[in-house]
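Peer 1: Here are the chains, one letter per residue:
2 protein chains.
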Amino acid sequence: MRIAAGSIGQYNDRHSDGFSHDAMANSPDNTKWLDSVKWDSAGLVPAIAQDWQTGRVLMVAWMNRDALAETARCREAVYWSRSRKKLWHKGEESGHVQAVHEIRLDCDADVIVLQVEQRGGIACHTGRESCFYRVLQDGEWETVDPVLKDPQQIYGA
Amino acid sequence: MRIAAGSIGQYNDRHSDGFSHDAMANSPDNTKWLDSVKWDSAGLVPAIAQDWQTGRVLMVAWMNRDALAETARCREAVYWSRSRKKLWHKGEESGHVQAVHEIRLDCDADVIVLQVEQRGGIACHTGRESCFYRVLQDGEWETVDPVLKDPQQIYGA
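Residue numbers (my numbering), protein chains in the order written: chain A, 1 to 157; chain B, 1 to 157.
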């Protein structure tokens with residue numbers, strides 16, 4: 001086991017860039033780390049994007065092997081769009097790119113957590129900071145977070 | 001839209017218990033909130049457990065309708081074990097119960113985030129605080145978090 005110097009100690013110390021800049025490259029002879037991921041029957045895993053400073057969970061999307069490889073390579077979040085069936089470089093339309101500071105894998109190797117810096121402060125297509133803007137209260141899902149920017153302004157009419 | 005007083009303002013203000021204590025009850029005549037969730041073809045959604053104070057993502061598991069209803073009712077995390085094919089009251093063996101302070105739903109209504117208070121400070125079956133103890137560095141998944149308690153001590157030999 002090698003210890004990542006930037007990650008020892010308090011988990012809150014997320015401010016150093018954990019990347020070794022040529023280390024994340026997905027060269028043809030270095031894809032073993034991708035083989036370690038337990039892709040589901042559709043070849044996907046869920047990826048959680050978490051604000052690297054506040055810890056807020058911003059969104060959850062899906063990644064296939066190419067999406068994760070590309071995320072590691074370019075250090076911006078790239079997901080697999082299940083609806084459009086293609087790679088989705090987050091922010092390609094909205095400008096709301098997610099700079100990726102860290103990539104973690106869980107014990108079962110089937111979920112990814114990204115520590116991201118959210119450009120524009122908006123992760124959700126509704127124009128909110130986070131997709132998780134509804135809280136269960138009094139037996140109802142109550143919307144508790146404001147729209148920061150009109151989606152029409154983000155995506156055009 | 002109703003605004004939840006405890007949730008306005010800074011997201012970091014997670015210290016108030018967002019529950020209305022009889023509100024989370026899953027009475028037979030109040031299951032509309034469960035109908036709002038977009039269960040997948042297996043009747044499941046992923047649920048992220050996040051430490052309510054540090055924001056650390058502790059684990060991701062799956063919930064079916066009964067698991068989410070029971071989580072809301074007893075205010076402790078109850079998941080659906082896909083391997084054992086039964087409800088899994090987190091901590092039933094380990095004692096590492098998760099007290100649930102808040103339940104959120106995302107814009108697509110297909111992912112849950114729980115704000116939890118992790119009893120024993122250990123969420124992972126490996127004896128670590130979080131299941132996400134591996135970081136991608138130099139093209140390898142490096143284990144960066146310590147085992148806090150031997151799993152044999154947690155689960156017995």
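Where hints are given, some of them may not hold.
No copy is singled out in the list; a pair is fine if it fits within one copy or between any two copies.
Below are the DSS-like pairs computed for lysine-lysine, each with C-alpha atoms no more than 30 Å apart in a straight line [claimed, not checked]:
1) Lys38 - Lys149
2) Lys38 - Lys85
3) Lys86 - Lys38
4) Lys32 - Lys86
None of these hints come from the bench; they were simulated from the model. These figures come from a predicted structure and were not determined experimentally.
Peer 1: State for each hint whether it applies.
Peer 2: Hint check results:
{"no.": "1", "hint": "Lys38 - Lys149", "verdict": "between (37 Å within a copy, 26 Å between copies)"}
{"no.": "2", "hint": "Lys38 - Lys85", "verdict": "both (20 Å within a copy, 20 Å between copies)"}
{"no.": "3", "hint": "Lys86 - Lys38", "verdict": "both (20 Å within a copy, 22 Å between copies)"}
{"no.": "4", "hint": "Lys32 - Lys86", "verdict": "within (23 Å within a copy, 34 Å between copies)"}
Comparing the model with each numbered hint stated earlier shows that all of them hold.
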